[in-house]
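J.: Listed below are the residues making up each chain.
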Amino acid sequence: MMSMRIIRHVLAFVLVRARRHPALTTGLAWSFVLLIRMYYGGAIGLADNFDGHRLMCQLGVAPHPYPADQQLWAFVTPRYDAYTWYGESCSAGGTGQPYLSTAVIPLWIAKALTATVGNHLFGLPGALDLRVLGLVYVALAAIAIGWCAHELPGRAWLRVLTASGIGLVVADSAFAPEFISPYATPAGIIGILFLLPAMLRFLRVERLTWREPAAVTVIALWTIAAEAQLSTILVAVIPCLLARPAALPRFTRRLPAAILCAGLALFAVGYQQTQSRWLYQDNLYNSVLGEVLGHSDSVAGDLRALHLAPGLATSAGSDIVARNSAAVDTNTALYPDFLAHASYSDELSFYAAHPWRLLGVADRGLDGVSAARPDYLGNYPATSAGHPAYAQECRVCVVEAAFTLAEPLRWIVFPALWFGALVAGLVLAIRGRKRPAGRSAGGVLAAVAAATIAQFWFVMLTEGGNDLARNMVFTDLGTCLLGPLLIAALVGLDLSTETDSAQQLEIAVPLQQPEPAVAEAMR
Amino acid sequence: MIRRVRLVGLAVATLFATSACSATDLSNVGMGIGDFTTTWTIGSCHRLDQLEQTDPLYPSDTSPAVPCDTSHESETYAVVPITGRSAAFPQRPNPVWLEHALAGACTWTRMSAYLGARQIDALQNISILQVLPSEPEWESGVRTIRCDVLIGPRSSAYIASTSLDLQGILAGPSGDRFRVCRAYGQQVGCDQPHDGELINAWFKFSNAELMHNTKMQETAKIFAACRAKAAVYLGAPMSAWPDLVMSAELPDTPGDAVMKAGRCWLGDAHSGREWTGSLRTDKIRRLP
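Read top to bottom, the protein sequences are chains A and B.
When we follow the working numbering, the leftmost residue of the first sequence carries the number 667, and every step to the right adds one.
When we follow the working numbering, the leftmost residue of the second sequence carries the number 4, and every step to the right adds one.
Read the hints as simulated data drawn from the structure, not as lab findings.
Keep in mind it's a predicted model, so treat the numbers as computed, not measured.
We treat Cβ as the ideally placed atom computed from N, Cα and C, and that holds for glycine.
Misleading hints may appear alongside valid ones.
Said to hold, decoys possible - Okay, the calculated bits of chain B under chain A, using three or more residues with CB under 8 Å as the criterion: (1) 59 to 73; (2) 131 to 142.
Said to hold, decoys possible - Some, not all, of what chain B presents toward chain A, calculated at C-beta under 8 Å: (3) Val32; (4) Gly35; (5) Ile36; (6) Gln56; (7) Pro98; (8) Ser159.
So that you can see chain A by itself, here it is in the shape it has in the complex (with noise of 0.2 Å):
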């Protein structure tokens, strides 16, 4: 009885705050669910499949040892001790080549967050500890959540609801595990989670400041250099900086933005440039021998079409490790061959002249979105009593559940819900272009819409049908938000329509006489 008064109160206490102070209350009680979500009942994570060497080494630290006959990948590692790594030890898969990711600024935190902290406070041992990492992803998960619950159209309750749903698809399985992972993936979830409030805000605002536009752009630049793949949400921040001219005049209004996007186009390319060349060949072989060739009615029409040469027949269907691949044949020339004339331009000219093979690369790219997590990384770390080997958390399982429920119907559940929250966005958008609820609600629903689909297709195009659980994580992150996202543009249509019937009263009202005691009292 006691307690049920008790959580009355609280409860009640946190609904006056959040009514005074959504933003602040709904990043708070954020913060608290994801700590609890990840830590209550011992932390979980993803366990390293080695993608996590290139970006771990940069903060001077390796993997603590961990027992010989433990199951690989089947367990989170969070424990890192202090290493020099020297030379291309540390680089994007021993090529050479450095593997850039904005990943790196969470990790120096959390390397000085467990230095301090973590081995003090947490008596953690390690160098660096993943734990603490995800306090640092915590934390700005909460931020952008509670900036969502700001920038958000509707009233102060409906605002705090719509960011929650955010907030609970940032807590899911699907999506929570990474932020204790040596993955630079949490970067760029986090790039996204800032970058709708960005958006939103910068969308509604009815006098633009050099703040607005700022803000996208650098949440979009440290998005785009958190992962390779990421280069697609210009697909969702061009538009959106296109869409607001600026206080300038007539023909420079766009100026601004044109420079904004130029930078950000420049900016992506340049960070494609900088990935490896080995992970560029690995992609590039995974696509078309793997995908092309490995799907193939006809390799030897495919080979003619995609310009190589017909001895790469042996390799159809390979990966670049396997016994079969062109890479591992030195006796002859197939593998520079291939090198020197295979490129994703042929690839694309390839489904341009092909289009109706490029329903069973959706189909497969479906069937990875629908698996929504990767089942063969572990999501407990060994020391955590009674999980066994590849252990799935699920604290949170609704995406799994639904994307699975979904997968049967994938070729109408996801595609419906792509183009149509694009097109719904859009028509709201432009309807309501002139008020900012329904501008900033709708336009941020529409390009993200169009963000997924177009990662949905250059994951597909760029590396093919390899480790799809994975590739897709920013689809499914997406999708996913495109549910609280449609209820935020339905709140913007409704102030939309507020608006309308409030503008038409105020343009109505003084074509009426006033009474003469009203005319009186406004005199």
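Starting from the known structure of chain A, fit chain B onto it as the hints suggest.
T.: Then chain B, alone, in the frame of chain A:
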């Protein structure tokens, strides 16, 4: 409120800046430290105590060499040129291709000679590591392979190291840890207590022999061939070792393409007794 937000922003920016400054070397952003120069000296020793450092995907090693009387995992026994198609690439080809193209460039024979081992010595926890030029070295025209002796075992839990110079180590008792012995059926280094020591000789059996011979006939064949090998291994005929007997490891069943050869172990005539150290390194001695 705005002032407070600005203060928080300033604090975060300061934290980012200080974190950035704490990065080891800003000129090597995204890479390990150092100048990407390989040590090409024969006899140099190298600290390679992470699994990635010996993964074929990470083909170069530009860490500074360490004195051989300090802890190290590899030692350079030869430097050989890269020839043929591989050498023609202006940029270093991808590591998967190179691994296959350059397989066998560093020979086991040359490594055995460096270690002071003979062909008859059965070795364990010794392998060859081929170290390639770093990308900048390759682009500047370096086309050589550093052939390292890499000691083992290496696993996620434990990486073996040594503080001894590996040159000629198999000629003395220090090399016993790399010789193959067995204790109660388990393979161990000969520096551990053991009851058998392996000779590196493979006695091949044809399919017909495997189909028709009895186990006794197979054992007799191995013993007949092994006697001469044991004399070479021990440096004296078996008769000079009154306590020593041979034991045969029979080939697997026919049809198993992997193992169609038998092997020969030396053991104590009085079964159950163990000894430590290799028979090869001592002069004729009585077992304990």
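J.: Looking back at the hints listed earlier, which ones does the structure fail to meet?
T.: none
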